[in-house]
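Top line first, the protein sequences correspond to chains G and L. Numbered continuously in the numbering used here, the first sequence closes out at residue 273. Numbered continuously in the numbering used here, the second sequence closes out at residue 222.
Hints are supplied without guarantee of correctness; some may be wrong.
To be verified - Okay, the calculated beta carbon distance ranges per label pair: (1) R41/G - T208/L: 22 to 28 angstroms; (2) R41/G - L2/L: 40 to 46 angstroms; (3) M261/G - K144/L: 40 to 46 angstroms; (4) A102/L - T45/G: 44 to 50 angstroms; (5) L13/G - S8/L: 22 to 28 angstroms; (6) K245/G - S8/L: 57 to 63 angstroms; (7) T208/L - K191/G: 53 to 59 angstroms; (8) A19/L - F26/G: 23 to 29 angstroms; (9) T45/G - F101/L: 45 to 51 angstroms; (10) K191/G - K144/L: 45 to 51 angstroms; (11) L13/G - W211/L: 34 to 40 angstroms; (12) F26/G - K59/L: 35 to 41 angstroms; (13) R34/L - F26/G: 23 to 29 angstroms; (14) T208/L - L13/G: 29 to 35 angstroms.
Claimed, not checked - Under the rule of at most 20 angstroms between Cα atoms (straight-line distance), these lysine to any residue pairs were calculated in the SDA-like manner: (15) K240/G - L62/G; (16) K144/L - N33/G; (17) K158/L - L31/G.
As the list claims (entries may be wrong) - A short, non-exhaustive set of chain L residues, derived as facing chain G with CB atoms under 7 angstroms: (18) F140; (19) S162; (20) L165; (21) C169; (22) G170; (23) L172; (24) F173; (25) S177.
No lab work stands behind these hints, which were simulated from the structure alone. Glycine included, each C-beta is placed from N, C-alpha and C at the ideal position.
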Amino acid sequence: MEASIQTPEIVPLILIGTLVMITLAFTLVILYNNQQRKIVRQQLTAQERELQYQQELFQKSLMTQEEERRRIAADLHDEIGSKLNVLHLNFHRIKKIAPENDVLTPIWEDISYLLNQTIETTRRISHDLLPPILEDMGLIEALEELSKQLKHSESLEIQFECNIQREQVEASIVKLNVFRIVQELVSNSIKHAKASNIMIELYENENIIHLAYSDNGQGFDPDNNHKAGLGLRNLYNRVKILNGKVNVQTALGEGFKCHVMFQPFHQQQTQLA
Amino acid sequence: MLYTILLSFSWLSFFCLTASIILYWSNTAKWPSRLSPFGFLLLFSFVIEIASRILWFLKSNNLPVLHIYTLGEFILISWFYQKTLPHIKIYQSNNFKLIIFAISALIILNTFFLQPIHLFNSYSKTLVQIIIIIYSMLFFFNYKEEEGIDDSMHYFYKSFNSGVLIYYCGSLFIFMSSHLFLGNKSNLTGLWAINALLYLIFQIIIITSLWKLAYKLPKLSP
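Could you build the full structure based on these sequences and the hints that come with them?
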C-alpha cells in the first residue's frame, strides 16, 4: 500500500490551482455565451436590415412605377392624343372637300372608325394609367367615377359609400395609393374571383380613415395560392406606404374582405414633427 | 461542519442524477440517436453512485468503484463528443478509435501495475480529465448549430459542455493530488467539499437543460 504523505503545504497550492481552474472555466463559459448572444443579435440585426431594405426597395419600385405611369399617361394625352385629334380633324376636312365615290366612301368610313377607335383607346389607356379626375377633383370623385365605369362596362353590382371629408384624403400619396388599392382589388374581384357584387366603403372614425372592401366572389386560400399571395403583398406594401394596417379575410367559396386603416397624413406629419 | 456540507452536496447531486435518469429514460421516444451516449453515461454514473454509497454504508473501501468509473466515463464521454461533433475529422477517423482503445488500456494497466484498485488512480484520472477538458474546448471552438435541429437541443449541448468544463477543470487538481492524501481526512474534507459542490453544479446544469429539452421551453432571448 502506498504510504500517505503529510504535505500540508501542498493543500493551499492545490486550493489555489483549483480556484484558478474554476475561474478559467467560468470565464470561458461566460465569454462563449456572450459571443453566441452577440452572433445571434448580429444575425437578427442583419435579417431586420435585409427585410427593411427589401421593403424600401419595393416601395421605391412602386413609386417609380407611379412616376412612369404618370409620364406615360401625360405623353399619351399630350403628345399622341393631341396629334391624333389633329389628324382626325384634318381627315374630316379632306373628307368634306373630296368628291363622293363608291370606292372611296367605305374606305373613308373605315379610316374614320379606326381613328375614333384609336383616339378612344389612347384616352382610355391614359386614363387607366392615371385618371385625370384623381388629380383634378380628388379621391372621392375618382372612386365614384371608377364605380360608374365598372357598372356600365362589367355589369357589376358595385356600391361605393363615402362618409369622409375631402381634406382628409387630399394628400397625393393618399389619393394615389388608396385609388391603386381599390383599382387592384376590383380588378382581382372581376378577373379572378368572378364576383358579381362589390362593396366599397370609405369612412372616418375617431380620426382613423377606414377603407372597407368586400366582394361575393369565389375567394382563395392565401397559404396555397402563390399568385394571390403576391397580389396581397402589393396591397400590404401600399398600406405600409400609408403607415396603415390591413386585415384580410378570405377563404375558398367565402368571398373576399379587406379592411385598411390609416391616420390622415397631415396628422401623421404633425406627430412626426 | 465541512464534512456535513460535503455529505449534503453529495446527496443533493445524487438526487439530481436520479431525477435526470428518470427524466431521460421516461422520454426515450423524444431523443435523437446522437443523445444515446449521454443516456448511458447517466445510467452508468447512477450505478456507480449506488455501488459507491453501498460500500460507504458498509464502511468498506469504495475506491475500486472510482477505477471502474474512470474507465467508463472516459469511453462514454468520448462517444458522446464523437456523436455531437460529426463534422470534426479526428472524431470520425479510425485513429480516434485506436486512441480510445489505447488510453483505455493505459487506465487498466495503471490499475493493475501502478496504482492498485484499492488506492486512488490519480494518474489515469488526471489523464482522463485532461482529455475531457480538451473535448470540451474542441466543442467550444467547433460546434455548429445545424439546421433542422431544435434550439432546445443546441441549448442542451452547450449547457452540458459548459458543465463538463466547469466540473472537470475545477476537480483536476483535486484528483491529480488525491493519492497524496490517503488516510488524511482533515486535509481531504475541504477539497472534497469543493469537488462535491462542482459535481452538484454539473448535475444541476444537466437536469435543467434536460428538463428544457424534454418540455421544449423557449430559449431565453439574448
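Comparing the hints with the structure gives:
1. R41/G - T208/L: 22 to 28 angstroms: Taking Cβ atoms as reference, R41/G and T208/L lie about 24 angstroms apart, which means the hint holds.
2. R41/G - L2/L: 40 to 46 angstroms: holds (44 angstroms)
3. M261/G - K144/L: 40 to 46 angstroms: Roughly 45 angstroms apart at Cβ, these two residues keep to the hinted range, so it holds.
4. A102/L - T45/G: 44 to 50 angstroms: Since the Cβ atoms of A102/L and T45/G sit about 48 angstroms apart, the hinted range of 44 to 50 angstroms holds.
5. L13/G - S8/L: 22 to 28 angstroms: holds (27 angstroms)
6. K245/G - S8/L: 57 to 63 angstroms: The hint (57 to 63 angstroms, Cβ to Cβ) holds, given that K245/G and S8/L are roughly 58 angstroms apart.
7. T208/L - K191/G: 53 to 59 angstroms: holds (58 angstroms)
8. A19/L - F26/G: 23 to 29 angstroms: Because 24 angstroms falls inside the window, the suggested range holds.
9. T45/G - F101/L: 45 to 51 angstroms: holds (48 angstroms)
10. K191/G - K144/L: 45 to 51 angstroms: holds (49 angstroms)
11. L13/G - W211/L: 34 to 40 angstroms: holds (39 angstroms)
12. F26/G - K59/L: 35 to 41 angstroms: Holds: the Cβ-Cβ distance is about 37 angstroms, inside 35 to 41 angstroms.
13. R34/L - F26/G: 23 to 29 angstroms: At roughly 27 angstroms between Cβ atoms, F26/G and R34/L fall inside 23 to 29 angstroms, so the hint holds.
14. T208/L - L13/G: 29 to 35 angstroms: holds (34 angstroms)
15. K240/G - L62/G: Since the Cα atoms of K240/G and L62/G sit roughly 12 angstroms apart, the hinted pair holds (cutoff 20 angstroms).
16. K144/L - N33/G: holds (14 angstroms)
17. K158/L - L31/G: holds (13 angstroms)
18. F140: holds (5 angstroms)
19. S162: Interface hint status for S162/L: holds (4 angstroms vs cutoff 7 angstroms).
20. L165: Check passed: Cβ of L165/L comes within 5 angstroms of chain G, closer than 7 angstroms.
21. C169: This interface hint holds because 4 angstroms falls under the 7 angstroms limit.
22. G170: holds (4 angstroms)
23. L172: holds (6 angstroms)
24. F173: For F173/L, the interface hint holds, since the closest Cβ of chain G sits about 4 angstroms away, which is under 7 angstroms.
25. S177: holds (5 angstroms)
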